[in-house]
Every structure is written in C-alpha cells, then in structure tokens.
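**Q** This is what each chain is made of:
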Amino acid sequence: MTRTPDNRPHLTVTLTINGEKRELDLDARVTLLDALRDRLGLTGTKKGCDQGACGACTVMADGRRVLSCLTLAAQCEGREITTIEGLSADGALHPVQEAFVRHDAFQCGYCTPGQVMSAVCLLTEGRAGSDADIREFMSGNLCRCGAYPNIVAAIRELAGDGDA
Amino acid sequence: MNTSVDRVDGPLKVRGAATYPNDVDVPGLAYAAVVRSTIAAGRIARLDTRAAEDSPGVLAVLTHLNAPKLEPGPQSFLGTPPPPLQDDRIVYHGQYVAVVVAETPEQASAAARRVEAGYEAVEPRLRMDDPRAERLVNPWGMDASWGDVRAALNDAEVMVDAAYTTAENTNNPLGPFGTVAAWEGDALTVHDSTQWPVHVRATLARMFGVPEAGVRVLVPYVGGGFGTGLRVWPHVALAALAAREAGRPVKLVLTRPEMFTGVGHRTATTQRVRLGAARDGRLTAIEHESVSTLSIEGDNIEPCSSVSTGAYACPNVATSDQLVRLNIPWTSSMRAPGEAQGNFALESAMDELAHELGLDPLVLRLRNYAETHPQHGLPYSSKALRECYEAGAERFGWSRRPSQPRSTLDGDEYVGYGMAGISYFWYQAPCQAMATLRADGTAYVGSAVTDIGTGTYTVMTQLSAELLGLERDQVTFALGDTALPPGVHAGGSGLTAAAGSAVYAACRNLIQAFLDAATADPGSPLAGCALDDVTVAGGRIHRRGEPERGESYTALLAARGLAELSAHGESTPRQPQEAGMAPAGPFGARFVEVRVDPELGRLRVTRVVSAIDGGRILNEKLARSQIIGGTVGGIGMTLFEETVTDADTGRVANATFGDYLVPVNADIPDLEVIFVGGPDPFNPIGVKGVGEIGLVGMAAAIANAVFHATGRRIRSTPITIERLLM
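Which chain is which? The protein sequence lines are Y and Z, in order. For the first sequence, my numbering gives the first residue as 225, with consecutive numbering after it. For the second sequence, my numbering gives the first residue as 134, with consecutive numbering after it.
Bound conformation, chain Y alone (with noise of 0.2 Å):
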C-alpha cells in the first residue's frame, strides 16, 4: 500500500470480476460499487442507497450475495465477484431474468439487477420454499415501483420448477 499526495492509502488491486482478472490502481476508499461503476463501466449494478438499505447494489461474492456498497473494492482480492452483466453469456437470459420479464416484476427497472441477483442466490440457497419465505428473503431488496407479487411470483414460478 502506498500513499496519495493528502496522505491517503492508495492501492492496486487484482479483482475477478465475472471471470475475468482486471487489476485497478485505487484510492483505499472506493468501495466494490464505485470500482464497477465508475472504474470498469459495469454499471449494471446500481446505486439505490449507498447505505447498505436498498439492496440494488447487491452482486455475488464467491457466489454469496453482498452489498457492494459496504464493501470496499481492496476487500475483494482473490475473491469471484458475479454481477449482472455476467449471469448469462452472449446476451441470453438466465432463467430469472426470463421469468422476471414475463411476470413484470419491474417497473423503471432500477432495482432490477439487484432484485435478480438476489432471486439468484435466493433460489440456489433453497430458501424459496413458500411464499412467505420468498417474501421474507427479498426484503433486502427495496422496489419503489412496487412490484413486489410479480417478484414473488417470478421466483415460485422457478422454485416450483425443483431448482431450489
């Protein structure tokens, strides 16, 4: 680690980021959110909140859900970060992502990738069981549109289908 001009800890970090190894030379604070953002033109992943409430920043983590706006962009090396633009390849849709246009389950969209990353880990973890637990378990992901039973119904759609 070294030091900016104001005395600031500056580093260069090695991240994978859907497979790919990118190495970024950062300011110590930049979080995982701004690094894909702002640094990587992975914008897919959004800022809702900046405060860890909203869940639209949400990616996987070595195939766990975080909130990459509480997690700093240094913490991340050596670890396998999963956003949106790496659920599926070749512009194809993920069976999320597939069942959420079919449902609705968005209306501007903002929260959308959050939500699917969510509905992701949701549905591999098994946690999508019932309704309720459906419910209970997308709660970190705020929908100001308010699309939340086409969510819900999206997910027991699949979870329905034996993959959870």
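Hint data in this document are derived by calculation from the structure and do not stem from the laboratory. Treat the hints with care, since some could be wrong.
Stretch-level coverage of chain Z by chain Y, calculated; a stretch enters the list once three of its residues show a Cβ under 8 Å from a Cβ in chain Y [claimed, not checked]: (1) 207-213; (2) 307-317; (3) 350-356; (4) 583-589; (5) 779-792; (6) 801-808.
Simulated restraints on C-beta separations [what the hints assert, rightly or not]: (7) Z:Gly342 x Y:Pro319: 29 to 35 Å; (8) Z:Arg268 x Y:Gly353: 54 to 60 Å; (9) Y:Arg326 x Z:Thr652: 54 to 60 Å; (10) Z:Arg533 x Y:Gly287: 44 to 50 Å.
Source: prediction; values computed, not measured. Note that the Cβ used here is the ideal one computed from N, Cα and C, for glycine as well.
Place chain Z on chain Y using the hints.
**A** Relative to the frame of chain Y, chain Z by itself:
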C-alpha cells in the same frame, strides 16, 4: 390488440443494460458534490472554501460569492424552483450553498466536507400553526361551492364532522436523481433524471441564456420518479453550471439523504370534512377544507379538497384549500398529489357516516352515486364506477362482512374489512409525435416523452403497430430525447392519453401521406382514397372491406423511389363544454382486509381487491402493474411513510432508507386487480390514465378496515404502532 404483452424494454432492464442518467460516462468526465445548509432560515454569514479548493483533484468550488448570475427558468404551472447559488439567503435546511467539482467522486465529496459555512440564523417557521407563517387562501382559484352548505349542515338529520391529517412523504424513487452536463460552446447536452425533458431544455436554455435549439436533454430510462421529475431542481442547474465553470463534462448524482431535500416531497395536510345526510343516507351537504404545507419560495399545485367536488351527487357542496409557507424543502408532486390526501379524508368521513347511519359503507356510496358530474351536471364521457363497486365487492366477498366492528378475532389478531371509492380527476395536456415508415417496411415512431416505469415504450409500440397495421417487432418507439417532437410530461396520469393521441394523429397523417403518394399514380388501387376509405393490415393499406385492392408500404415507397415517408402529429385535448361532456378520469373501488394485533399494535394489510375503470386498457399486464405499484405506494403512505422534520432546526431527521420506512416485499400480500369499463370517447384511443389511481383510496380503505377490526377510528396517516396502541 394483444393486451398482455411483455415490456419491450424488459430484456434490457433485467440484464442491467438500460442506461439511466447516472450510468452515463463521457470522456473527460469530472464529478460534482454539493454542500447543503445546516440551518433552515437566515443567511450565509461566512464561507471559507480554501481548504476545499486546496484538496486533491479539485477543479472548482462554486458558491453564491463566485457563481455567475443565472436567469430564472420559465414559469411552469407545476412550479419553478429558482436558480441556485444566487444570494446568501437560506430558506430551508439542506439548501445548496456550494458545489465542488473534482476529478473523482471521492475527491469531490471529501472536498465538499471541507467547505466551511457560517450562518446568521433566524427562528425557522416549521409548524403549520405558526402564526408568523404566510397563509395562501384559495391559491389556485379552485375552491368551489354550490347550493347552501351551511344551511344544509344545520338542517341535516345526521352529521359527521371530523378532522384528518396526513404526513409529509418523500417520493424516493430508487434511482437517485442525477445530471450529466457537457458543454460545447453554447451547446449543452444533458442526461437528466426527469419526467419532462422539454421543460428541462427550456429551463436550462433560459437560465444560461443560450439558444434552446442547442440544448439537448436525454433520458431513455429513469429510475422512477413518482412526480419528483416534474420540476427542474436546482441540482440540474448546478451540474450545468459546474460543467461550464470547470470546462469539463460534469456528473452530479444526489445521495439518498440529498434526495430528501433536493427534489420535492408530498405535502402534509390537515383537513376538516363535514357531511350532512338524511336518515336514508342521501347526502345533503359536503364541506371539505384543507390546509397543506408549502416551502418559502415554492409553488405547488395540489388541491386536496377538490376530490369532494367530483365524488358524490350532493346539492350543497363547498371545498377550500389553503397553503402555509414554512422553512421546509420544496413540496411538489408525489403520485396522486392532492387526491391521495383528499380521498383519505372524504372516504374516511363517508365510512364514519355509514357507521352513524347503520348502513353498509358500500350501500351508502351507491345511494349517492353521481350519474352526471356533480359540479356542472355534464354527463361523463364514461363512468363504470358502479361496475367497480360491484365487481370488487363480488371478488372480495364484501357481503359476508360482519356489520359490527371488532367482531372478528382470529388467533391473536382482530380482522377487519374496509373499502373506499375513487373518482380521479381528468387531465390531459398537448403533445406532439412523429412517425416514419422506411423502405424495409419498419416504422420509427417517437415523442420526447419519458417512460418512468409505466410502460410508455411498450404501449406506444403496440399502439403504433395497430395504427399502421404492422407487427410489433416492426415498430421502434423512441422517447426521452428532446431531438424528438415536444412530448408531454409524465404527470397527472395524462401521458398515455396525450402521447397516444399524438401518435394516433402522426400515424393517421402518415397513412394520409401514403395515400397522397398513391393518388399521384392514377393506376394505384388506392388512388383517390381518403383516410376513412381505407384500413391497414399486414404492412399494407387497402380499401375498406376490399383487402385485395391495396398496396404495401414498401411497394408504395419503392415505386416512387422514396427511402421513407414521415409525418407529424399533434394532440390537444378538447374543451369539456364544447364536447358537451365531462371528460372522465379513471374510477375505482378498493376493498381491503387488515389484521391488527392489539397487544403489539401491529397492523398488516393481508388482502386487497382493486376494481378499476381505466377506459380502454392498452396492455393489461402493464396496467395491472401500475395498479399494484400504486397500491404498494398507498400501503407505504398509510402504514409507514412520514418525512420527519426536526422541530427545532428544520432538518429532515429521517433522511435515509434505514429511517424513512417504505414497504418491503414482506409487507405486501398478493394484490388482486380487476379492470371494468371500456373505451372512453373523449380521446381517439379510448384510454384513461392508470398511473396514480392505484395509490388513491388505500389510506381510507385501510383506516376504515382498522376501524372495522378494532373499533378505533384513526384519522391520521401513517397509522403507526404508537397510534394503534395509544
């Protein structure tokens, strides 16, 4: 027309590939951060920006001491925030006192914290009953009265006289508002979170004294708005100012706390409703008085009492609104402005009256059903409110509701049922659109409107395809760009009617242009045809009833060697008196089940049935989403949302998502939506707006259900635990 089409922009949004204003990057971008006042009233006595200027990466620090003079923006009936940094006066806590521009966002916000401001504070006016506060009587000239309300109230066999209050709410779209501004000489390109791009263009051109033609505003996607994107807020001008002074493109994105002070919020109200009725339930008098909050320099059109002019047949009605100017951030539009608060008071009072009379609340509403518009007696262009009541009650099982309050206990919880009716106002403003058919048979249709999540892209694509006789995937609808014809704002539930009517006109004019081209060739099977003689299908125009006598668009273009044909269209709403009818807004009925735990004071909404007359529904899937989204907003207003102002300092005390509660997934049950009614003849496409009505009526229906569950009448929103326990 298939009425349950998936969103055309859906795949882009679920992939995170839709570009919102704060996602925009341009070469050489610098970042801005704001400094806000820490008093609510007074003046800036001292400013020290040296430490900020000396901070790493800082390009400029602007305050009222060095900012250039900006002209006020053009007046808008919705309110016109003044340009920022023009003098030392402070009129609310959180007002911008400086903007810092730096190479990175971290450097900008760190330097912003080093700006030192000192103030001469005076005691702020923060309470609605502050005698020093300026009071505006009948601020919009919309107070109404007919008959003799006082006499009717004196003579009434039964009367309800009750006061209601609603709290301030903050829109809080999930996408923080932001602006990216880039100058090239006098030309300015702006990516902005707005619901009204052409107004942003006009405002910035006026403020900076540059030609409007050189200002381009882009907003292909916006992360919600719920009304807050209807004004050009000071940060928009700050971004353009910072970009000009720093000589660099600048991005300014508000933080979540700044979203509570910088982009408007819903007024608080205190209302008094007096209802007089005969024993049989017929209303003889409605008096509705409302007082709302207003900021010191703000204007905000938001009548609350007007709901009582259009709801029920009643011979004696008087409504009035007042505003009280306080040292608070701007009040402005939030989904169903005025209606949300006014309906809560009126529909709660109707429930109280039903209880007084021993009548079923639904029967009371039907007994006072307005067959014609109560205020001027004109017949409605369409009204299926009766069908809303009937279909909603049937689906909900309303007739099985026990008549006595506090009569159903299920485990530890009291169960209650409540309902409310809604007669939403009609609103439509002028709009323009264009339509082009190209040699490959595809169409490009557009208007400088926005899609704030309502589905504009999708329904305008559907509508254009229908009007031109094309498949949906042959049509591209463009919006969110002031290079397109001037589009209407996304407000007043009026966008679909206005833009849809403009698209209707553009598509008709385009077909006329093809007919003109055909007529130039006497051999064409369409030669001499007028618009009403033809119909369109499968990419062809043909004579009505004679599908074989026609020509395809592509053949018509090819025969004349044209690459494309274009047409322009405009819509201007008709005047009600001229049309001989009262243009109808949407109508609706809400039926709600709640459960209240009397030990904990915990209130849950466990079932909602909404029956809506939205005229012709262009896309049932998306319209349903509008209603459920509004319903969630209404549950928020009723159970959780309250923007709390610190009584001493005027600071918004709960300006985070941790403190200002909005509904989460677990707060929302499955929501049932029924559409009734049919096309409304007031506009050529038959629609009414459904963007706001979904929120209206929830507060009253929930409060009425709480009364039915517990026997306790709550006349204030939000209905928090402490209000239920008290």
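**Q** Now tell me if each hint is right for this structure.
**A** Structure-based check of all given hints:
no. : hint                            : result
1   : 207-213                         : violated (count 0)
2   : 307-317                         : holds (count 3)
3   : 350-356                         : holds (count 3)
4   : 583-589                         : holds (count 4)
5   : 779-792                         : holds (count 3)
6   : 801-808                         : holds (count 4)
7   : Z:Gly342 x Y:Pro319: 29 to 35 Å : violated (54 Å)
8   : Z:Arg268 x Y:Gly353: 54 to 60 Å : holds (57 Å)
9   : Y:Arg326 x Z:Thr652: 54 to 60 Å : violated (46 Å)
10  : Z:Arg533 x Y:Gly287: 44 to 50 Å : holds (49 Å)
Hints 1, 7, 9 from the earlier list are contradicted by this structure; the remaining hints agree with it.
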